[in-house]
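Student: Here is what each chain is made of, one letter per residue.
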Amino acid sequence: MGRITLEGVAKRFGDVEVIPPLNLDIEDGEFVVFVGPSGCGKSTLLRLIAGLEDVSDGRILIDGQDATDESPAKRGLAMVFQSYALYPHMSVRKNIAFPMKMAKVPQDEQNRRIDAAAKALNLTDYLERRPGQLSGGQRQRVAIGRAIVREPSAFLFDEPLSNLDAALRVGMRLEISELHNRLETTMIYVTHDQVEAMTMADKIVVLHAGRIEQVGSPLELYLRPKNAFVAGFIGSPKMNLFSGETAAEYGAATIGVRPEHIGVSTEGGKWKGRVGVSEHLGSDTFLYVEDTGLAETITVRSDGEVRLRHGDTVWLTPNEDKIHKFDQSGDRID
Amino acid sequence: MARAISRNSKIGWTVAAWLVALIIFFPILYTIITSLKTEQEAIAGFDLIPSFSFSSYETVQNQNNYFRPFMNSVVIAVGSTLLALIVAIPAAWAMAFSPTKRTKDILMWMLSTKMMPAVAVLVPIYLIFLRTGLMDTRTGLVIILMLMNLPIVIWMLYTYFREIPGEILEAARMDGATLRDEILYILTPMAVPGIASTMLLNIILAWNEAFWTIQLTTTNAAPLSAFIASFSSPQGLFWAKLSAASTMAIAPILILGWFSQKQLVRGLTFGAVK
Chain L
1 MGRITLEGVA
11 KRFGDVEVIP
21 PLNLDIEDGE
31 FVVFVGPSGC
41 GKSTLLRLIA
51 GLEDVSDGRI
61 LIDGQDATDE
71 SPAKRGLAMV
81 FQSYALYPHM
91 SVRKNIAFPM
101 KMAKVPQDEQ
111 NRRIDAAAKA
121 LNLTDYLERR
131 PGQLSGGQRQ
141 RVAIGRAIVR
151 EPSAFLFDEP
161 LSNLDAALRV
171 GMRLEISELH
181 NRLETTMIYV
191 THDQVEAMTM
201 ADKIVVLHAG
211 RIEQVGSPLE
221 LYLRPKNAFV
231 AGFIGSPKMN
241 LFSGETAAEY
251 GAATIGVRPE
261 HIGVSTEGGK
271 WKGRVGVSEH
281 LGSDTFLYVE
291 DTGLAETITV
301 RSDGEVRLRH
311 GDTVWLTPNE
321 DKIHKFDQSG
331 DRID
Chain A
1 MARAISRNSK
11 IGWTVAAWLV
21 ALIIFFPILY
31 TIITSLKTEQ
41 EAIAGFDLIP
51 SFSFSSYETV
61 QNQNNYFRPF
71 MNSVVIAVGS
81 TLLALIVAIP
91 AAWAMAFSPT
101 KRTKDILMWM
111 LSTKMMPAVA
121 VLVPIYLIFL
131 RTGLMDTRTG
141 LVIILMLMNL
151 PIVIWMLYTY
161 FREIPGEILE
171 AARMDGATLR
181 DEILYILTPM
191 AVPGIASTML
201 LNIILAWNEA
211 FWTIQLTTTN
221 AAPLSAFIAS
231 FSSPQGLFWA
241 KLSAASTMAI
251 APILILGWFS
261 QKQLVRGLTF
271 GAVK
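Protein chains in written order, with the UniProt record's numbering: chain L, 1 to 334; chain A, 1 to 274.
Incorrect hints may appear among the rest.
To be verified - EDC-like cross-link-like pairs, simulated, lysine to aspartate or glutamate; straight-line CA separation at most 20 Å:
#1 L/Lys94 <-> L/Asp66
#2 L/Lys94 <-> A/Glu167
#3 L/Lys104 <-> A/Glu182
#4 L/Lys94 <-> A/Asp47
#5 L/Lys322 <-> L/Glu305
#6 L/Lys101 <-> A/Glu163
#7 L/Lys101 <-> A/Asp47
#8 L/Lys74 <-> A/Glu39
#9 A/Lys101 <-> L/Glu53
#10 L/Lys203 <-> L/Glu245
#11 L/Lys74 <-> A/Glu182
#12 L/Lys74 <-> A/Glu170
#13 L/Lys94 <-> A/Glu182
#14 L/Lys322 <-> L/Asp312
#15 L/Lys94 <-> A/Asp181
#16 L/Lys104 <-> A/Asp181
#17 L/Lys238 <-> L/Asp303
#18 L/Lys101 <-> A/Asp105
#19 A/Lys101 <-> L/Glu159
Stated by the list, open to error - Here are some of the chain L residues that sit facing chain A, going by a computed Cβ distance under 8 Å:
#20 Ala50
#21 Thr68
#22 Pro72
#23 Phe81
#24 Pro88
#25 Pro99
#26 Phe229
These are computed hints drawn from the structure, not numbers from a lab. Quick caveat: nothing in here was measured; it's all calculated off a predicted structure. Heads up, the beta-carbon is just placed ideally off N, CA and C, and yes, glycines get one too.
Same shape as in the complex, but just chain A (with noise of 0.2 Å):
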């Protein structure tokens, strides 16, 4: 039977549901709201109606071309996410497959690289950049932001593999299959919406990224996270200028999470719901 729920509670519920929702959205809200005052307004105090005034995000076209950092940002939240499943999908598929006694190790000594502060190996991670002219280069970030990601990157798709029945892999065997066929014809395919949402999942992060995108570069290879922070500038705060920054640079990952939410849940709930 059907636990009852009566109408009131559904009721109350749904407003909370709702308030907790408006309360976690309202900093993106008010920097679009922001983003559309004039300077004077923004700084004037707390003001739900924005004048409409589109003066601001002019100007930050006209001051550092926004297309600029956009294709940065792709390139590197793409290029790092391809290089990280193609190391990928074979690491994962090595350690749910055949495992050894230390996978299980191998796998939480992966994750704890992500309990470290990056700021830690900042200076040899810089000094590395440095020498070897990998500095301010989307190379440079592709290969920096895959390896922060991997670990992530592997964990899911261990626990998406590890779903998949080991019989089927053997029936595969029985059929002739050699290791590559394997990998190709049965686990790619049987994975494919793990793999999509473990993407996109990267793709964001890499997108979001601000640590290593601001130290690591200046102007070239200056994603849309480093191009926001050239927004709060030594010459002053801008309120409205560094919204409509922020606006422009979340808009695309905005639309594409929109779009992708069902592989996104999937994706973050790490193959616990089917």
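Bound conformation, chain L alone (with noise of 0.2 Å):
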């Protein structure tokens, strides 16, 4: 079981006010992902819960219990760190053994789950080696297992992938997201990739200047974002966003169109500009469009066979039913 609910948690460092207090329900066997910008208080949330920092005001239940003042070991949790944080001494074996060993498991037990994570995690043959000696993936990998065999109730993940490059990022992403469908078990990962955070999260959690901006499934945020900060956020390439004349026509203070809802013509449209960069990746068209008096540049999305080139002049018009509309203070209006 893994269900960790936070009620008016909030932190604080001296003055400063880091995360101010915030409710969030966390169900037993989600994925949820924290994603923000750096320093939007994302890993300290995460700390929070782990234990390794105090709430300075509000309660953390897991599965029912109150659990603010346990320590990190008590609550039944494991995590994942950026830096791995693994034992530079011991073997892997030792690593993945560590907790166990804390736990004063038996020695055959400790054996069978150590064999099985090994097995899981292709980490069979390196059982005897340092972590000095194995690449950044499989450190990654050594780290996940000795959250494994804890057979914790929920497992925390601090930015996991950060320090790994982009071809194994993508690998361990999906390892990770089917570890999380083999074992069923909570798992908060925290990211400020939102690619990350989309493709992996059951529930999204974005947060800004340590509050919550919203909470839903990765399409409903992509869909209808609470607000222009999450409508910017999420999404790649970005929504491009319009405050101005342009809104006004709407009847909002900001108007959003992400780069697919925009059509794009050599004869005629609604927006006139010129194009800036254009990207070609095949499956899709990059354009960035320029001089359009608008916004600094109109990201727009086209198919892989548009063969428009710098300079070219061009025509945009927006898909009117899937234009985001925001008031004054940021909110979506419908």
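Assembly of the complex is requested from the two constituent chains, each provided in isolation within its own frame, with the hints serving as guidance.
Tutor: The following block contains the structure:
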């Protein structure tokens, strides 16, 4: 079981309020991603749940039990750190065994769990090596192995993939998702990469300056962002945001249009501009259109066949049904 | 691209380096040479070729048994070092991993005590030793040398501990390690190279210490440093015997230093190089 409830949890460092009081429910077995720009408090929030930081206010409930004043080990959670935090002087086997040694798990049970974890994570051939002799991806797997053998009620991941190269990151992303499907254990995953958030999460929590901006499934956040911040943060490439007269036309302070909801034409349309950079990915083409007089650049996602070059004049037409409207304070208008 | 070094400048610098090393080593070399001379040769003047007479060593060994001060040196150097480590490991741990606003000040204050000339506190410490019966005892010297070297030991360990990433200790805490487990299974094994070089350096410092050992001992607890000093007696100087005593006093530490060079360099650079 791994149901985690935050009730009015707040964190202050001296006079600085890093996290204003917030409430959050994490259901058993859910894959929850905390996402936000750096410094938004997502890692602090994870550390509060882990027990590595003390809460300034509020309560943390794990499976209905008040765990606010429990030590990290007693909370039954396992954490995977950004730096992997492996014990450099111990072999992979001893690293994975360490939490069980602390919990005084019988030796044969320890061996059984180590072998199972090593098999699942492709580490069987590396058990006698030291972490220093492993690649980044292997180290990450050892860190995950060390978390699995504890059979925790929830896994906490603190930006676990940010030290890996791009190709490895995609692979590990899949492995972690598969792990979640297999174990069906609650996972809380912190990242600043919204692609990771969108691809892995059952539920995304968007944080900004310590506040929760929106909680929802990836598609909910993508299709109905609650405010301009979430609209701009979720989605790659970013949503185009316009204010001033363009927005006033739609009765809003700010409007947003996703790059795939803008049509391109060389003959005519609503907004006229000039192609700045065009990125041909094969499946898609991203056009960065300049000199529209509306925003610095407008990003447009078009199909892969489009043959437009730098300097070409184009007309852009937004799909009226897909325009997101926000009021003066940034909240969504329906 | 590697910086190009011409052959000539390489030879020049090599010769210069050897020359400087020789100048530094020369006093020790000359002590060893003198110890192998007879007393007449020794006062005759500068001469690099000794007669390889071992008579000085014999006299020194017969007059003052070498093994007694040697054992005193071993007990005092090793004892004070171990005691210092027992105090310093938890102290450095606390300062490195849960520092307060005053930690830096405390560290500076501890270091500042090393700037004070030892002679300034000689009288009070002498009196304390006299009244508590610690005078001329190994226990007394172990305590005083431990206290004298403690600031350096804490500083060195502090810098080593600071190199250990905090996330590793947090991981251990998540894994269920108590404070004791954390120090025993994670921190100490990771800090072993640092602790070893701190220990070596401190043994050398304690071995060579000559101020307190000479002031606070007479015969019973006198280590090798006091043993050397006893040869510059009021009856006159005996260069050859003094040199023989010195050579015997420095030989153990010279050998220890030779075998532990790598650790020592790491220790002396205070964790600046990895």
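Student: Now tell me, hint by hint, if it's right for this structure.
Tutor: Comparing the hints with the structure gives:
1. L/Lys94 <-> L/Asp66: Judged against 20 Å, a Cα distance of about 32 Å means the pair is violated.
2. L/Lys94 <-> A/Glu167: holds (18 Å)
3. L/Lys104 <-> A/Glu182: holds (15 Å)
4. L/Lys94 <-> A/Asp47: violated (62 Å)
5. L/Lys322 <-> L/Glu305: With Cα atoms ~23 Å apart, L/Lys322 and L/Glu305 exceed 20 Å; violated.
6. L/Lys101 <-> A/Glu163: violated (26 Å)
7. L/Lys101 <-> A/Asp47: Answer violated: L/Lys101 to A/Asp47 is near 67 Å, above 20 Å.
8. L/Lys74 <-> A/Glu39: Since the Cα atoms of L/Lys74 and A/Glu39 sit roughly 75 Å apart, the hinted pair is violated (cutoff 20 Å).
9. A/Lys101 <-> L/Glu53: holds (19 Å)
10. L/Lys203 <-> L/Glu245: violated (35 Å)
11. L/Lys74 <-> A/Glu182: Cα-Cα ~16 Å, so holds.
12. L/Lys74 <-> A/Glu170: Judged against 20 Å, a Cα distance of about 14 Å means the pair holds.
13. L/Lys94 <-> A/Glu182: holds (15 Å)
14. L/Lys322 <-> L/Asp312: violated (26 Å)
15. L/Lys94 <-> A/Asp181: holds (14 Å)
16. L/Lys104 <-> A/Asp181: holds (13 Å)
17. L/Lys238 <-> L/Asp303: Satisfied, since the Cα-Cα distance of roughly 17 Å is no more than 20 Å.
18. L/Lys101 <-> A/Asp105: Roughly 39 Å between the alpha carbons, so the hint for L/Lys101 and A/Asp105 is violated.
19. A/Lys101 <-> L/Glu159: violated (30 Å)
20. Ala50: Holds: closest Cβ of chain A sits about 6 Å from L/Ala50, inside 8 Å.
21. Thr68: For L/Thr68, the interface hint is violated, since the closest Cβ of chain A sits about 17 Å away, which is over 8 Å.
22. Pro72: With Cβ-Cβ at 5 Å, under 8 Å, it holds.
23. Phe81: Status holds, d = 5 Å.
24. Pro88: At 7 Å from the nearest chain A Cβ, L/Pro88 passes the 8 Å test, so the hint holds.
25. Pro99: holds (4 Å)
26. Phe229: The hint is violated - L/Phe229 has no Cβ within 8 Å of chain A, the shortest such distance being about 30 Å.
When held up to the earlier numbered hints, the structure conflicts with 1, 4, 5, 6, 7, 8, 10, 14, 18, 19, 21, 26 and fits the remainder.
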